[in-house]
Amino acid sequence: MSAMKFFRRSRGHSRMRLLFTFLLAVLPLLARADDEHVKVTLLCESSALVPGQAAWLGIQLQHEPHWHTYWINPGDSGLATKLAWQLPAGFHADEIDWPTPTRITLGDLQNFGYEGDVLLPVPLHVPADATPGTMAHVAAEVKYLVCREECIPGKASVALDLPVRATAAPCPQQPLFAAARAAQARVVRWPGAAHIRGDRLDVELHAADLPAISDAFVVQRKLVDYAPPRITHDGVECRLSFAKSDYFSAAPAQIDLVLRARANAWRASVPVSSP
Amino acid sequence: MKHFLFALFALAFAAPALAKVAVGEAAPDFTLTDSNGKSHSLSQYKGKVVVLEWNNPKCPFVGKHYGGGNMQKQQADASAAGVVWLTINSSAAGKQGDVSAAEANAYIAKVDGKQTAYLLDTSGKVGHLYGAKTTPHMFVIDKAGVLRYMGGIDSIKSTDKEDLAKATQYVPQALAELAAGKPVSVPTAEPYGCSVEYAAK
Chain A
1 MSAMKFFRRS
11 RGHSRMRLLF
21 TFLLAVLPLL
31 ARADDEHVKV
41 TLLCESSALV
51 PGQAAWLGIQ
61 LQHEPHWHTY
71 WINPGDSGLA
81 TKLAWQLPAG
91 FHADEIDWPT
101 PTRITLGDLQ
111 NFGYEGDVLL
121 PVPLHVPADA
131 TPGTMAHVAA
141 EVKYLVCREE
151 CIPGKASVAL
161 DLPVRATAAP
171 CPQQPLFAAA
181 RAAQARVVRW
191 PGAAHIRGDR
201 LDVELHAADL
211 PAISDAFVVQ
221 RKLVDYAPPR
231 ITHDGVECRL
241 SFAKSDYFSA
251 APAQIDLVLR
261 ARANAWRASV
271 PVSSP
Chain B
1 MKHFLFALFA
11 LAFAAPALAK
21 VAVGEAAPDF
31 TLTDSNGKSH
41 SLSQYKGKVV
51 VLEWNNPKCP
61 FVGKHYGGGN
71 MQKQQADASA
81 AGVVWLTINS
91 SAAGKQGDVS
101 AAEANAYIAK
111 VDGKQTAYLL
121 DTSGKVGHLY
131 GAKTTPHMFV
141 IDKAGVLRYM
151 GGIDSIKSTD
161 KEDLAKATQY
171 VPQALAELAA
181 GKPVSVPTAE
191 PYGCSVEYAA
201 K
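Listed in order, the protein sequences are those of chains A and B.
Following my numbering, the numbering of the first sequence begins with 1 at its first residue and continues without gaps.
Following my numbering, the numbering of the second sequence begins with 1 at its first residue and continues without gaps.
Keep in mind that the hints are not guaranteed to be accurate.
Claimed, not checked - Among the chain A residues that face chain B by a calculated CB cut under 10 Å, a handful are:
1. LYS82
2. GLY107
3. LEU109
4. LEU145
5. PRO153
6. GLY198
7. ASP199
8. ARG230
9. ASP246
10. TYR247
It is worth saying that the hints were derived from the structure and are not from the lab.
Each residue gets a CB set at the ideal place from its N, CA and C atoms; glycine is no exception.
With the sequences and hints as input, model every part of the structure.
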């Protein structure tokens with residue numbers, strides 16, 4: 001019998017009790033902050049935290065159509081989503097494992113961000129001496145900029161209470177984490193280097209079976225102009241030629257890139273070669 | 001029909017890409033009308049230091065600097081020192097932040113703006129000329145008409161007024177260094193803000 005049918009068949013008081021029980025059951029698993037144009041929720045992959053292990057948490061962003069938030073490097077404008085965690089003593093959260101962004105072009109301006117539904121996974125390190133049977137209150141302040149044409153800054157406070165246990169069962173939203181993991185750009189170690197040549201920054205990659213890369217995003221700011229690079233490819237070597245940023249000051253030791261080819265993406269790092 | 005197609009073709013190629021200006025080079029000249037109907041050219045201000053401030057009244061980053069009094073203070077201090085401060089609005093017609101002359105004056109009155117003039121660049125021509133990407137986006141031009149600073153308004157990219165006190169304000173810093181005959185210590189900094197609302201291509 002469907003949930004709705006069951007609910008409709010219940011009577012007055014028992015229906016209220018049902019609703020109340022449902023909410024009580026569901027509330028601990030949801031830590032949601034509704035805000036304009038994007039819904040921000042803190043999700044768990046595991047229903048408990050195991051001492052000495054990392055547990056994945058996720059900031060789920062559900063954007064209204066045509067609205068977007070930003071990647072770690074937002075591009076010409078915008079602001080990356082930022083997290084500030086409040087964790088019990090001994091716990092610490094790593095950086096967001098940023099999913100591959102979408103290029104958002106508005107005339108001559110380039111941005112990198114997310115539309116629709118996206119999960120920003122974060123590994124939470126549980127101390128080895130965490131006491132099984134205790135509850136951990138895990139909270140985050142999520143600061144974001146959500147834009148369509150205009151931009152609206154937002155702040156969401158989200159929290160979860162999770163028990164510390166020797167073992168953990170999956171949370172209901174575990175499939176979202178599995179999907180994010182499967183979709184994540186694979187880290188590759190293709191040999192290559194970046195060279196600064198005049199007002200351009202060229203990245204050369206070598207691999208026996210290089211895919212046909214169609215776009216690339218640089219993580220570091222103040223390096224390249226954000227227009228798509230000129231890409232030349234001969235099956236073994238791929239050259240991505242970017243215009244240098246107007247705000248280029250010094251080359252870093254290494255450049256981190258996200259490379260796209262149709263539906264696939266890879267993450268690569270290349271050293272910057274001195275001329 | 002031929003004329004129409006030709007016009008369409010010409011239009012497709014008419015819109016310029018964002019130009020590149022560079023610190024140390026002559027700042028490109030332009031002429032715009034302000035919110036009081038008066039015309040201003042950059043060249044008429046040779047002999048004075050000029051600040052260009054890209055503005056969109058509806059942008060929360062602009063709101064941070066005006067709401068916190070930061071922009072107005074910088075404008076007032078600059079004006080007191082003989083600097084010409086030109087606020088420029090490059091929002092296209094119908095886009096967010098697009099204002100009529102009357103609306104611009106109402107905005108200036110509301111925020112108690114202390115700029116020399118509020119220039120209307122609805123066609124986006126001057127925004128493209130300077131490569132203005134964000135609001136705010138700042139440029140400082142010296143008395144000889146050379147660009148000496150371009151980029152962000154300060155060092156903390158956020159919409160939070162609380163960050164104003166902690167950030168390095170690049171325009172007053174550059175103005176003070178120019179006045180003292182020193183090199184500008186931070187000639188460029190990444191601009192941050194909302195995208196300038198140019199017409200869609």
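Hints versus structure:
no. : hint   : verdict
1   : LYS82  : holds, 9 Å
2   : GLY107 : holds, 5 Å
3   : LEU109 : holds, 5 Å
4   : LEU145 : holds, 7 Å
5   : PRO153 : holds, 4 Å
6   : GLY198 : violated, 13 Å
7   : ASP199 : holds, 9 Å
8   : ARG230 : violated, 15 Å
9   : ASP246 : holds, 6 Å
10  : TYR247 : holds, 5 Å
In the structure shown, a violation is registered for the earlier hints numbered 6 and 8, in ascending order.
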